[in-house]
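Protein chains in written order, with the UniProt record's numbering: chain A, 1 to 487; chain B, 1 to 487; chain C, 1 to 487; chain D, 1 to 487.
These are calculated hints, taken from the structure and not from any lab test.
Note that this is a predicted model, so its numbers are computed, not measured.
Where is the CB? At the ideal position from N, CA and C, for every residue including glycine.
Treat the hints with care, since some could be wrong.
Counterexamples of contact, computed for chain B against chain C with all Cβ distances above 12 Å [said to hold, decoys possible]:
(1) ASN157
(2) GLY245
(3) LYS282
(4) LYS327
(5) ARG402
Calculated pairs, DSS-like style, for lysine-lysine (alpha carbon to alpha carbon, straight line, at most 25 Å) [to be verified]:
(6) C:LYS68 - A:LYS467
(7) C:LYS351 - A:LYS348
(8) A:LYS327 - A:LYS348
(9) B:LYS322 - C:LYS351
(10) A:LYS467 - C:LYS134
(11) C:LYS55 - C:LYS68
(12) B:LYS322 - C:LYS322
(13) D:LYS250 - B:LYS348
(14) C:LYS161 - C:LYS68
(15) B:LYS54 - D:LYS175
(16) A:LYS350 - C:LYS55
(17) D:LYS327 - D:LYS350
There are 4 protein chains.
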Amino acid sequence: MTLKTGEQYKESLRKMRPNIYKFGELIEDVTSHPATRLHVESVAHSYDMAFDEKKAPIYTTTSFLTGKKAHRWNTLMTSVEDLVGNSEMKRDQYRWSGTCQGATCAGWTILTALWDATYKCDKENGTNYHERLKNYMLHVEENALALSGAITDAKGNRALKPSQQPNPDHYLRIKERRSDGVVINGYKIQICGVAACNEIVFIPTSGFGAEDADYCVAGAVPRDAQGITIVETRRPSDERDLEEGWDAPKVGNITQAFIIFEDVFVPNERIFLAGEFKYTGKIIGDFAAIYRAAIGACVAGQGDVMIGAAINMARANGLSQKVFQDKLNEMAINNEITYGLGLGAMLKGKKTESGTFIPNPLLAHTNKTQVARLPYQTKVMCQDISGGIAETGCMPPYVDFRHPEYGKKLLESLAAGTDGETRARAARLVEWLTVGGGIPGCMHGGGSPDGAKLVVKAMTPWEEFAKEAKRIAGITAELAEPAAPKK
Amino acid sequence: MTLKTGEQYKESLRKMRPNIYKFGELIEDVTSHPATRLHVESVAHSYDMAFDEKKAPIYTTTSFLTGKKAHRWNTLMTSVEDLVGNSEMKRDQYRWSGTCQGATCAGWTILTALWDATYKCDKENGTNYHERLKNYMLHVEENALALSGAITDAKGNRALKPSQQPNPDHYLRIKERRSDGVVINGYKIQICGVAACNEIVFIPTSGFGAEDADYCVAGAVPRDAQGITIVETRRPSDERDLEEGWDAPKVGNITQAFIIFEDVFVPNERIFLAGEFKYTGKIIGDFAAIYRAAIGACVAGQGDVMIGAAINMARANGLSQKVFQDKLNEMAINNEITYGLGLGAMLKGKKTESGTFIPNPLLAHTNKTQVARLPYQTKVMCQDISGGIAETGCMPPYVDFRHPEYGKKLLESLAAGTDGETRARAARLVEWLTVGGGIPGCMHGGGSPDGAKLVVKAMTPWEEFAKEAKRIAGITAELAEPAAPKK
Amino acid sequence: MTLKTGEQYKESLRKMRPNIYKFGELIEDVTSHPATRLHVESVAHSYDMAFDEKKAPIYTTTSFLTGKKAHRWNTLMTSVEDLVGNSEMKRDQYRWSGTCQGATCAGWTILTALWDATYKCDKENGTNYHERLKNYMLHVEENALALSGAITDAKGNRALKPSQQPNPDHYLRIKERRSDGVVINGYKIQICGVAACNEIVFIPTSGFGAEDADYCVAGAVPRDAQGITIVETRRPSDERDLEEGWDAPKVGNITQAFIIFEDVFVPNERIFLAGEFKYTGKIIGDFAAIYRAAIGACVAGQGDVMIGAAINMARANGLSQKVFQDKLNEMAINNEITYGLGLGAMLKGKKTESGTFIPNPLLAHTNKTQVARLPYQTKVMCQDISGGIAETGCMPPYVDFRHPEYGKKLLESLAAGTDGETRARAARLVEWLTVGGGIPGCMHGGGSPDGAKLVVKAMTPWEEFAKEAKRIAGITAELAEPAAPKK
Amino acid sequence: MTLKTGEQYKESLRKMRPNIYKFGELIEDVTSHPATRLHVESVAHSYDMAFDEKKAPIYTTTSFLTGKKAHRWNTLMTSVEDLVGNSEMKRDQYRWSGTCQGATCAGWTILTALWDATYKCDKENGTNYHERLKNYMLHVEENALALSGAITDAKGNRALKPSQQPNPDHYLRIKERRSDGVVINGYKIQICGVAACNEIVFIPTSGFGAEDADYCVAGAVPRDAQGITIVETRRPSDERDLEEGWDAPKVGNITQAFIIFEDVFVPNERIFLAGEFKYTGKIIGDFAAIYRAAIGACVAGQGDVMIGAAINMARANGLSQKVFQDKLNEMAINNEITYGLGLGAMLKGKKTESGTFIPNPLLAHTNKTQVARLPYQTKVMCQDISGGIAETGCMPPYVDFRHPEYGKKLLESLAAGTDGETRARAARLVEWLTVGGGIPGCMHGGGSPDGAKLVVKAMTPWEEFAKEAKRIAGITAELAEPAAPKK
């Protein structure tokens, strides 16, 4: 069964041990609890799209390993087409739910990033991680799993290395090595889509050296494995998800979690790195290249929704789209920049020896810098078009519109280009997208723009440019960096 | 008693009839209810500052009418110094509370705007609005009142004039004229600071013509006047104000309300315009010039807090301010631009015949366009510096940090440059300022930037510029607008 | 002989009839005249690169028509790799010469754009333009020609169609149809690279209708055909090209010309469209998509030179590159955005029935909007880093540095991180790139950004976005454009 | 005679010893030589405006010293009104000439900056510089002089102090102290308006310490003093000034010069500082505050001309201003920002003990950062509106339009919304303003924006902001800079 329906997927979640908390309470069933069900529903929709004639090419592909049709997020990315498929699926998912969908994203990307690193590690060290990973890939594909990807460690004091931290658990670590597996301990934080996944795939948050070998651990565990406690984070205005009414849209949702690993045992067949620090930089580098090439499609998809939301809001205010056409054009341009620049990174990607396909890092990281910039401008234009009612959702809450004494009058006061409820709903969507629960956190999600700039710096051939410019200027003298730079 | 303490001011609010609702419930005491008390507290702080040696020059001034020392917001603005005083007070208020403070702002500004309009109206029409207004000013000063200013009408279909609306109440209107006063009906929406005011001052939302004379009504009423029902709007994440803990800062707050006027009687002595449509454009123009010159100081004050919040967050993450100095400089520059440009508008202001002093409209409206632009950039930089934990407040809620089983571990995971609680508080402030309840709504507050651009367009001498450029270019031929412009 | 050396190419130019003027004088030999030789030299360099082991893959490719190795600009673009090859070559050319190179660009692009249009036209109308074009392509390839592409008409009054213009020659037109060919008349203006080309390929400047059929003419003529007069335009500071010394770099150059066609006879075999107006929109559309996808590489290549020039200037001032690293990163990011976004347009391109490959128009035109934006920011950063001496080249001219009395002192005064001459040369390059002869004119070159925005508007599915947003917001009511939009 | 006509002023220039060179030749008469006469004419126009009823209030004021009416640039700035007058005059001058006017600017500003420094120096050291300065002011006023202000030294290696330079003349210095005066030697470079001045006022380029006391020299000398050689710099496209025709506008002009001081004797009565290093920082600080508050008006004035030029160009192209109204609004907004922000700096200025009035440095330097940013955007919009013909002046030179064979046809080809000559003139103005001789060099003129940011950094109370934010966030823990910052 390489393809599941949304209902089958949800059934698989219902069978798991409850170990997720929000607002101090244990969530018994993630498929029905208001804090998690919307994210689950959007993942379920992605499963269902495997059976939709029009959408199936976006949501499924042919497995590189088995030749079977499989959910796209259950297969390795081995070509530029696969990378583009990642982009297309993400833009479509965002258009569907209005926001981020963790459980079909980072875990999948991690597996592709691990593919070549384990291949190289085995070749150079005689380990057998690659074979384990292949078996895991087959397991994932066969069971059509939803995976979350846990990367970000708690980190503690940023001036210290993992092994120097006062608290040894600030980075996830190997606490004990056993013949049949390893015991891991520590925190992974701000992890997307955990509530909607079957299993959690984890890698180190960064490249580490020999002194931090115990922190160089990658593997996979069931979400409800013994020793795992998950606490959901609190997003802007997320209490509205728990309520009736229209104060938040009831389609998309994101969940982000703090995961506490306490003496979690991971059997050998699910361990894909255990101390070989040399490969950690490559893993995170390949992950980031894939992720940051595709993230332009994510924010473009949400930008598409912002365009639609702004048009609706203009009309609900009684105004034509034409009044705002210049701003709408700029919004569309912003979307296409991050989408198209990500595609450019893919086109300039390279095939690895083991068969995966990795986008061009310089272009991918350049894209990240724009993902941390342009969507903010798009939001401002969306608010600008939408008017004061949408800027901060400046209307009474749903419950007041239902108040027996004054509710009807409130609704009446909102009527404009349409009835009051429609206008309120349109405005709440803009609020949700721009200052509410729909914000996907793209500035720092998947790493910071300042980190991306470091890659741009590292990959730009500054001296070569200086040399070309010297030739053009007709300069023959030496012109090197001064000994002691003055700021 | 032209000066009140904060406690005296709060006492005055407690005496009023409860007529404010939020979340479907009547707020019995605005000074203690969590939805309103923070705003009241910040206004009370402004009252107390009259008795603070260092701050008194900012928060008080000498009354133009009585020569007595009075709260600044209880006096007319009659000089460039008074306008600057408005700016200074607002920047200081924002620095104190982190956000907007309605009850010492728009009502006061309206009174200054009405001063010259009533003077002109009386002079030309033999009315006696100016005398009434003077008496009202004395009443305001003598009782040291907090005033909200109600301008924005519900507006309905924006393609229709007030009198053409299907619903006659979409703009506040004179429903009945009596010998002793007028009866008014309609909606004023998104009104700031109502919960913290003693009285409500109202003017038309725009300039109107003869056909809409009944909508040309200005006056003042007690907040709890018979027939007035007030419903608070729902800001981003404002449920957190109702909770314990640190998920929202507990200093500032803004309140914005929908006000339903149902057959509210306003006695003649509190009516300052009743049908004289000719003056409505001037009133709103003078109001906007004062408001939009000073609003640069508002967002600068909040920007100052964002700078501080970002520095704290950097340190809480274990990083030095120096790492982010370029971004911090840009934030400071943005603050000084809107602040300084507003001052420029004041410096180029003009004294009216009746004694008030009105900033230069071109510069004031230019400032508004930047207030709708630069603070957004400042927010992005604040989030950029602060890291993922602050971007959307990506941490568990307070209640989970207090959970007996895993709370301690969560706090431990957050420790970095400081303890976990401090880091959480620092991050929640950034969230609150950038995507939460602290957003003042400056894009459309006091009118939209597109409206400001219309003023820029109207006040720029395009033909004069074209003529100068012709002279410089040495052009002697006719060069006029083509008959039929092609887009 | 499908491959020529630079010397062979120059020899071919020397054989032509002189018909190019600048500053009122006829240029006898374009390969040696200071106003044109630098452009010719840069094209000659591109020819020579066919024989350079490292660069040959960039500057040559395998001909789709003959299977022979040919200069890239002498072959059709029939795959995504060919489009990428266009990009790579342009970035490399800009890095070499510092600026635009017309004679290997627009003519080539036109031929690819004509390929499918003539195919369709023949199929639908029984004409034989495609066969003629194929023969012409073989001629071009076999003779390794440099081609300029003439598109922009003089246009006259932009509110009138070609046939409505008072002056019938404001658009190039068929003046007479003969059995053996057509006689054409009119102006093509601002045409790049004419001075360095062997032949001129021309198409209509826009899509036209039936009433303008005589203006729908495409074809090819030798640059020195009877009836053609060419007048070079005057670029900023281009007198310096005529001088000795270092006041302008002596590597790159662009030439742009006004071409006067006076009763020029074009034989049938060189006519590729003669009245079939229906295909004009497609021709210009395909041209623009190819051109605007690749132009991102042009400005990126110049941006690379600006980075190098800024680094050199910093060092010449005695400062380290590190002082300006943030700005240099931003420059590099701008380069990669336009380069990568163009690649994205190529990746999403489509193969035509006749075999050419056309980039995605939405992404290509989006790229154009950024090409009209980002390089300007890059220039500002280049000037910012370089200091006052480079901003406007604020130094005495070369001749003064050679003055017997004070020249030596002037040079001495300029010495800083290096000797005075080196610093002067470094500064003059920055001036040339940012406010001098090196500016390629990318804002309007190949059409205006406003035109690109019209394409963005036309290709964005606004209603689909509005519909998706309605679903997400939970809106079920009708929400259409209002009947009479209010501005 | 405190007021001169333009003709009288020109007469005074004609009497001077020729010591100015350009293009290797000595300029015999600056009032008629094409390289200098336009600048002289624009200064003459400012003189004439003293006798123009409407403009006199802008160009003259009442002398603080004598109570007489004097040219504004011959009086001290002692009030906010005087500072505003500086702004108003500059905006008007730019509107008149389209560009910068050095000889009524920096010299004047230096004198105001020296006023308080000499007062303090005398008070603390018993020197009598202030008295000398007063006498010089009276001389300037009485003779209605035009003054240039020489600040920028050649600087040499920026990593070394003046006294550490290999070449002792890289900063202007006291070479010899005599009883009757001092002998100075060195270079002042990039000095504006020297060709149009009567005398040169000089101060050190920066604040220096005790070891550089000999470089701490301020004073005044006639432009043609013995030992002074002046070489004009080469601006973009400035050869066109030497030509007939319309390829450059023939109104405004700027001149910038390298000044070589070789053993120039300055008598004691013209020396205002000679070694008292302690006051150099204050002098340059006060100068910068005045200059950078007013420079916003300079670029606003040029921006006004750019608006006019763009409107003319649109019309010359046959298009209506309405098509571009949004862009025109943005241009106007940019102008008002720098103008208004400078006014804000003036309003917050302070009176010195000696009577001058100095703008607020934080706001003035903030303004400089915008002067280095917004005019560039304005230029881009000007080019965007104007079309390809104006972007780089992409037309044949004037001489070709006069060519007997093809000149008429060229003119004909340019006709559009107007005749060809008018369109060419309109386009050349845009070229001149955006990439030609009209560029005033505002990025680094009067110091760099990076220098301005250092002032912003120094004057912003970062710790105070951090403390306020801590209070608002409810943080009580210590939160200081980490010991070892990590980048």
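We went through each hint and held it up to the structure:
1. ASN157: The assertion about ASN157 (chain B) is violated, with a minimum of 8 Å to chain C.
2. GLY245: Nearest chain C Cβ is 31 Å from GLY245 (chain B), so the label holds.
3. LYS282: 23 Å, holds
4. LYS327: Check fails; 10 Å does not lie beyond 12 Å.
5. ARG402: Nearest chain C Cβ is 35 Å from ARG402 (chain B), so the label holds.
6. C:LYS68 - A:LYS467: The given pair, whose Cα atoms are some 35 Å apart, is violated under the 25 Å limit.
7. C:LYS351 - A:LYS348: 20 Å, holds
8. A:LYS327 - A:LYS348: Roughly 32 Å separates the two Cα atoms, so the pair is violated.
9. B:LYS322 - C:LYS351: With a Cα-Cα distance of about 53 Å, the restraint between LYS322 (chain B) and LYS351 (chain C) is violated, given a limit of 25 Å.
10. A:LYS467 - C:LYS134: The given pair, whose Cα atoms are some 42 Å apart, is violated under the 25 Å limit.
11. C:LYS55 - C:LYS68: Measuring from Cα to Cα gives roughly 18 Å; hence the hint holds.
12. B:LYS322 - C:LYS322: 15 Å, holds
13. D:LYS250 - B:LYS348: 33 Å, violated
14. C:LYS161 - C:LYS68: 44 Å, violated
15. B:LYS54 - D:LYS175: 52 Å, violated
16. A:LYS350 - C:LYS55: 21 Å, holds
17. D:LYS327 - D:LYS350: 37 Å, violated
The structure shown violates the earlier hints numbered 1, 4, 6, 8, 9, 10, 13, 14, 15, 17.
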